[in-house]
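Participant: Protein chains in written order, with our numbering: chain G, 1 to 410; chain S, 411 to 821.
None of these hints come from the bench; they were simulated from the model.
From the three backbone atoms N, C-alpha and C, an ideal C-beta is built for every residue, glycine too.
Hints may contain errors.
To be verified - Sample of chain S residues with no beta-carbon within 12 Å of chain G, all distances over it, derived:
| no. | residue |
| --- | --- |
| 1 | H461 |
| 2 | I476 |
| 3 | L549 |
| 4 | P784 |
Stated by the list, open to error - Listed next, the in silico DSBU-like pairs over lysine-lysine satisfying Cα-Cα at most 35 Å (straight line):
| no. | chain 1 | residue 1 | chain 2 | residue 2 |
| --- | --- | --- | --- | --- |
| 5 | S | K451 | S | K573 |
| 6 | S | K450 | S | K551 |
| 7 | G | K264 | G | K15 |
| 8 | G | K264 | G | K252 |
| 9 | S | K551 | G | K264 |
| 10 | S | K541 | S | K551 |
| 11 | G | K362 | S | K508 |
| 12 | S | K551 | G | K140 |
| 13 | G | K140 | S | K508 |
| 14 | S | K451 | G | K264 |
| 15 | G | K15 | G | K140 |
| 16 | S | K573 | G | K264 |
| 17 | S | K541 | G | K305 |
| 18 | G | K169 | G | K246 |
As the list claims (entries may be wrong) - Computed from the model, here is a short list of chain G residues facing chain S with C-beta under 10 Å:
| no. | residue |
| --- | --- |
| 19 | S108 |
| 20 | Y275 |
| 21 | I276 |
| 22 | F278 |
| 23 | F281 |
| 24 | W285 |
| 25 | V286 |
| 26 | V318 |
| 27 | G322 |
| 28 | R326 |
| 29 | H327 |
| 30 | N331 |
| 31 | L334 |
| 32 | L405 |
| 33 | H406 |
So you can see what is in the structure, the chains are spelled out below.
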Amino acid sequence: MTTPTTMDNAPANEKLYLGPLATRLKGMGMTLGVLCLGAAVVWGLMLGDDMRRFMHSYLLAFTYFLSFALGGLFFVVMLHLTSSTALVVQRRLAEILTAAFPMLFVLSLGIIIPLWVGNKSLYVWSDPDAVRGDHVLEAKAGYLNAPFFAIRMLIYFTVWMVLSRYFLKRSVEQDTSGDPALSARMKKVAGPAMILYALSTAWAGFDLLMSLTPHWFSTIWGVYFFAGCAISVYCLLAIMSFALQKSGRVTKSITVEHYHDDGKMANAFTLFWAYICFSQFMLIWVANIPEETTFFRPRMFTEWKWISIAVIVLHFCVPFVGMMSRHVKRNPPLLALWCMYMLGVHLFDLYWIVMPAFSPEKIVIHPIDFLCVAGVGGLFLFGALSVAGSARLIPVRDPKLRTSLHFINQ
Amino acid sequence: MADTKTTDAPEEVFYGYVAEYDSPGALVRAAEVVRDAGFKKWDSHSPFPIHGIDAAMGIRPTILPILIFGGGITGTALAVLMQWWMNAWAWQWVSSGKPFFSLPQQIPIAFECTVLLAGFTAFFGMWGLNKLPQAWHPLFKSDRFLRHSTNGYFISVEAADKKFDRAATQKLLRDTGATGVEEIRYVTSPEMRAVPRPIMGFILLTSVLALVPFAFLAKWRNSHSAEPHFHIIPDMDFQVKRRAQSTSPVFSDDREIRKPVAGTIARGELKDDDLFYRGLDNGQWSTRFPPQVELNEDTLERGRERFTIYCTPCHGEAAEGNGMVHQRAMAVNAAATGWVQPSKLTDAGFVRQPHGQIFNTITNGIRTMPAYGPQIPEKDRWAIIFYLRAIQRSRNASIDDVPADKRPTLK
Numbered sequence: 001m002t003t004p005t006t007m008d009n010a011p012a013n014e015k016l017y018l019g020p021l022a023t024r025l026k027g028m029g030m031t032l033g034v035l036c037l038g039a040a041v042v043w044g045l046m047l048g049d050d051m052r053r054f055m056h057s058y059l060l061a062f063t064y065f066l067s068f069a070l071g072g073l074f075f076v077v078m079l080h081l082t083s084s085t086a087l088v089v090q091r092r093l094a095e096i097l098t099a100a101f102p103m104l105f106v107l108s109l110g111i112i113i114p115l116w117v118g119n120k121s122l123y124v125w126s127d128p129d130a131v132r133g134d135h136v137l138e139a140k141a142g143y144l145n146a147p148f149f150a151i152r153m154l155i156y157f158t159v160w161m162v163l164s165r166y167f168l169k170r171s172v173e174q175d176t177s178g179d180p181a182l183s184a185r186m187k188k189v190a191g192p193a194m195i196l197y198a199l200s201t202a203w204a205g206f207d208l209l210m211s212l213t214p215h216w217f218s219t220i221w222g223v224y225f226f227a228g229c230a231i232s233v234y235c236l237l238a239i240m241s242f243a244l245q246k247s248g249r250v251t252k253s254i255t256v257e258h259y260h261d262d263g264k265m266a267n268a269f270t271l272f273w274a275y276i277c278f279s280q281f282m283l284i285w286v287a288n289i290p291e292e293t294t295f296f297r298p299r300m301f302t303e304w305k306w307i308s309i310a311v312i313v314l315h316f317c318v319p320f321v322g323m324m325s326r327h328v329k330r331n332p333p334l335l336a337l338w339c340m341y342m343l344g345v346h347l348f349d350l351y352w353i354v355m356p357a358f359s360p361e362k363i364v365i366h367p368i369d370f371l372c373v374a375g376v377g378g379l380f381l382f383g384a385l386s387v388a389g390s391a392r393l394i395p396v397r398d399p400k401l402r403t404s405l406h407f408i409n410q
Numbered sequence: 411m412a413d414t415k416t417t418d419a420p421e422e423v424f425y426g427y428v429a430e431y432d433s434p435g436a437l438v439r440a441a442e443v444v445r446d447a448g449f450k451k452w453d454s455h456s457p458f459p460i461h462g463i464d465a466a467m468g469i470r471p472t473i474l475p476i477l478i479f480g481g482g483i484t485g486t487a488l489a490v491l492m493q494w495w496m497n498a499w500a501w502q503w504v505s506s507g508k509p510f511f512s513l514p515q516q517i518p519i520a521f522e523c524t525v526l527l528a529g530f531t532a533f534f535g536m537w538g539l540n541k542l543p544q545a546w547h548p549l550f551k552s553d554r555f556l557r558h559s560t561n562g563y564f565i566s567v568e569a570a571d572k573k574f575d576r577a578a579t580q581k582l583l584r585d586t587g588a589t590g591v592e593e594i595r596y597v598t599s600p601e602m603r604a605v606p607r608p609i610m611g612f613i614l615l616t617s618v619l620a621l622v623p624f625a626f627l628a629k630w631r632n633s634h635s636a637e638p639h640f641h642i643i644p645d646m647d648f649q650v651k652r653r654a655q656s657t658s659p660v661f662s663d664d665r666e667i668r669k670p671v672a673g674t675i676a677r678g679e680l681k682d683d684d685l686f687y688r689g690l691d692n693g694q695w696s697t698r699f700p701p702q703v704e705l706n707e708d709t710l711e712r713g714r715e716r717f718t719i720y721c722t723p724c725h726g727e728a729a730e731g732n733g734m735v736h737q738r739a740m741a742v743n744a745a746a747t748g749w750v751q752p753s754k755l756t757d758a759g760f761v762r763q764p765h766g767q768i769f770n771t772i773t774n775g776i777r778t779m780p781a782y783g784p785q786i787p788e789k790d791r792w793a794i795i796f797y798l799r800a801i802q803r804s805r806n807a808s809i810d811d812v813p814a815d816k817r818p819t820l821k
């Protein structure tokens, strides 16, 4: 096909570029990232605990922003796979999130390199003295060791970077060529891509977070980690859309119907998260077998139990009821507020996963936690906006965009 | 229904107008006109849902979501109440050491009941709010209107509406671009309004039949019976198979179990090595191990493992007759009812016993000790003996047993 069959479907007089704002935001992100991470490293060194405090905070911040990009990749692949139309207008925003994978890979070196050079402060299994004589850890040593961990991280990031690059490149290409064959090709790739995505995300969850408690195992853990990714992306789409429209961009393309859909999915995945979270807990609680309870023991019988209760209430009960009404979801400022709240409790959920590994008895919170989140967040912003300066904010010539623009919730 | 004009004679009723349009777009535009004219008792009809028709008709958002929310909350509350009543009140039963009233184990049921009642409320609430089921409607009188489920788009306005005026409403509908406006009339009488006899009969019959199972339940609940059990699945209750140690009508000796044919031995049962299988050496208890058992570290390790599994519960890890079973027996004062302590195998008498005699004890049991032959293969029995010899040696060891170069470490 030589002539493009699809026309530029974006509404007239729409501001479609981030333009110089991208450069400004990137500069801010880089500055924030370097300053905060630098401060966190210095502070961590001053504590003199072999960087234990810093490493846990860093892992928390890293997995938090990794879940944003993973959510974005899920959203992009899912749209292609299902040929869904409603949220095509927001697909580029998710693609911008996935553009952060190269930066996240650089950030992952912050976990891999200390392991490689023999820092034992993050994962118990990386300490030969702890492994020796421990039957379970000795048996798992073939999988849980620094070189293989690094190799696996490399595989995951290769999968994510290749997939995100593939979809982003073709999507941007379609903006100018308008070739519908590109959509067909992406749809073909989306099937295997979804399988690769599911496996790599689940295993990344096992390796990064579950192995903090190496004696313990939960086969549903990957899905649990994924639920957080999925909540994040729908919340981010609503927040990003709201912020862009506030700045006068894409004001006509993204309508209240799209916000409504984002809200519905965020609310649904909140229930999904609770369902998975409880499924994991209940089987372990009912069976009450020592080897399965090591994860929940500190979280149920020490100070951490208050955090556990807070996670249930704040991550499920409050937002599930709060975001349920269609009036909330059809009110963009209110929805954006709820979505920011969800991103906050998502961080809280990861805090509940990571920090008991650092301090099994006492609730701990330290300025380094916030410095790491701000620092990794700044660098994530820098990474994500690497393409946003030149690319349009909506896929203007996607064959399904017209349907998406006129999408109505009934 | 305070219809004062009701008489026995058939009566013609003017229902209203139905206007037809040729496209969904025309229907939506016409609906906006009718809405703005202030009509209340009117409706639009199309073969499929049309986006934006709700707003065009001025329909207020339905209260169904609130009803569903209420239904869901009711389901949660009922489920928790039910489980509290069952588990913590009416039938207290310890399950897995959990408390009688324990929220985690109630959540799955509460979740299901929430979904169930929310679903029921959505389904039946939708029926109720739409005044369904409705077996007949005056609009069905119009042949043209039957196309509302294939390719026709209609607006119907009832004569009962306050704004309704024969001439003005007809003109309004024509001006909206209707391809045709039809008057709907129908004849009615008390007989016609009554539910038809066969349908009424069917409803009554099913209502009565539905009570029968409950009547039986009530009867069974309050009566005794000398009759045998009622077998719902007799194939499972009376299976066509023979059980061990039962009789058989087939053979003359009435036995179910048959002896092997004379002069034959089952596969793998030819145990013709007296030393290995019975611990006998020329008719005496053997004092040597059979050649099949290699006396090396692997066998010792195998023996330790088997000894730990089969012997330590009674004899203890050090074979001193104080295993967990014995300690438990002491704790519950079983000695008063004749509990005998398991043998202390490190005593001189057992040290002197030939290997073959211990093998025989393991195989066939002795006094209160049961036979372990059926559970432990011969080779493992020999490995256990080998390990037991090591324990005996260690329990009765002198400094001479320790290699000279290791002796300083004992100090």
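Participant: Determine for every hint whether it applies to the structure shown.
Facilitator: Hint check:
1. H461: violated (5 Å)
2. I476: Violated: least Cβ distance 9 Å, not greater than 12 Å.
3. L549: holds (24 Å)
4. P784: Consistent with the label, P784 of chain S stays out of reach of chain G, its closest Cβ about 31 Å off (over 12 Å).
5. S:K451 - S:K573: Given that 35 Å is the threshold and the Cα spacing comes to 9 Å, the pair holds.
6. S:K450 - S:K551: holds (22 Å)
7. G:K264 - G:K15: holds (27 Å)
8. G:K264 - G:K252: holds (21 Å)
9. S:K551 - G:K264: violated (43 Å)
10. S:K541 - S:K551: holds (19 Å)
11. G:K362 - S:K508: Distance ~27 Å between K362 of chain G and K508 of chain S Cα, so the pair holds.
12. S:K551 - G:K140: Distance of about 77 Å is beyond 35 Å: violated.
13. G:K140 - S:K508: holds (32 Å)
14. S:K451 - G:K264: Holds: K451 of chain S and K264 of chain G sit about 34 Å apart, inside 35 Å.
15. G:K15 - G:K140: Judged against 35 Å, a Cα distance of about 54 Å means the pair is violated.
16. S:K573 - G:K264: Roughly 40 Å separates the two Cα atoms, so the pair is violated.
17. S:K541 - G:K305: Between K541 of chain S and K305 of chain G the Cα gap is close to 50 Å, so the pair fails against 35 Å, i.e. violated.
18. G:K169 - G:K246: holds (28 Å)
19. S108: Where the cut-off is 10 Å and the nearest Cβ of chain S is about 36 Å from S108 of chain G, the hint is violated.
20. Y275: It holds, given that the least Cβ distance between Y275 of chain G and chain S is near 8 Å, below 10 Å.
21. I276: violated (13 Å)
22. F278: This hint holds: F278 of chain G lies near chain S, its Cβ roughly 6 Å from the closest one there, short of 10 Å.
23. F281: Check passed: Cβ of F281 of chain G comes within 7 Å of chain S, closer than 10 Å.
24. W285: holds (5 Å)
25. V286: Holds - the Cβ of V286 of chain G comes within 10 Å of chain S, reaching about 6 Å at its closest.
26. V318: Check failed: Cβ of V318 of chain G comes no nearer than 16 Å to chain S, outside 10 Å.
27. G322: For G322 of chain G, the interface hint is violated, since the closest Cβ of chain S sits about 13 Å away, which is over 10 Å.
28. R326: holds (7 Å)
29. H327: Given a least distance of 9 Å, the restraint on H327 of chain G holds.
30. N331: Cβ of N331 of chain G sits 14 Å from chain S, so the hint is violated.
31. L334: Where the cut-off is 10 Å and the nearest Cβ of chain S is about 17 Å from L334 of chain G, the hint is violated.
32. L405: L405 of chain G check fails; min Cβ-Cβ to chain S is 13 Å, beyond 10 Å.
33. H406: OK, holds: H406 of chain G within 10 Å of chain S, min 8 Å.
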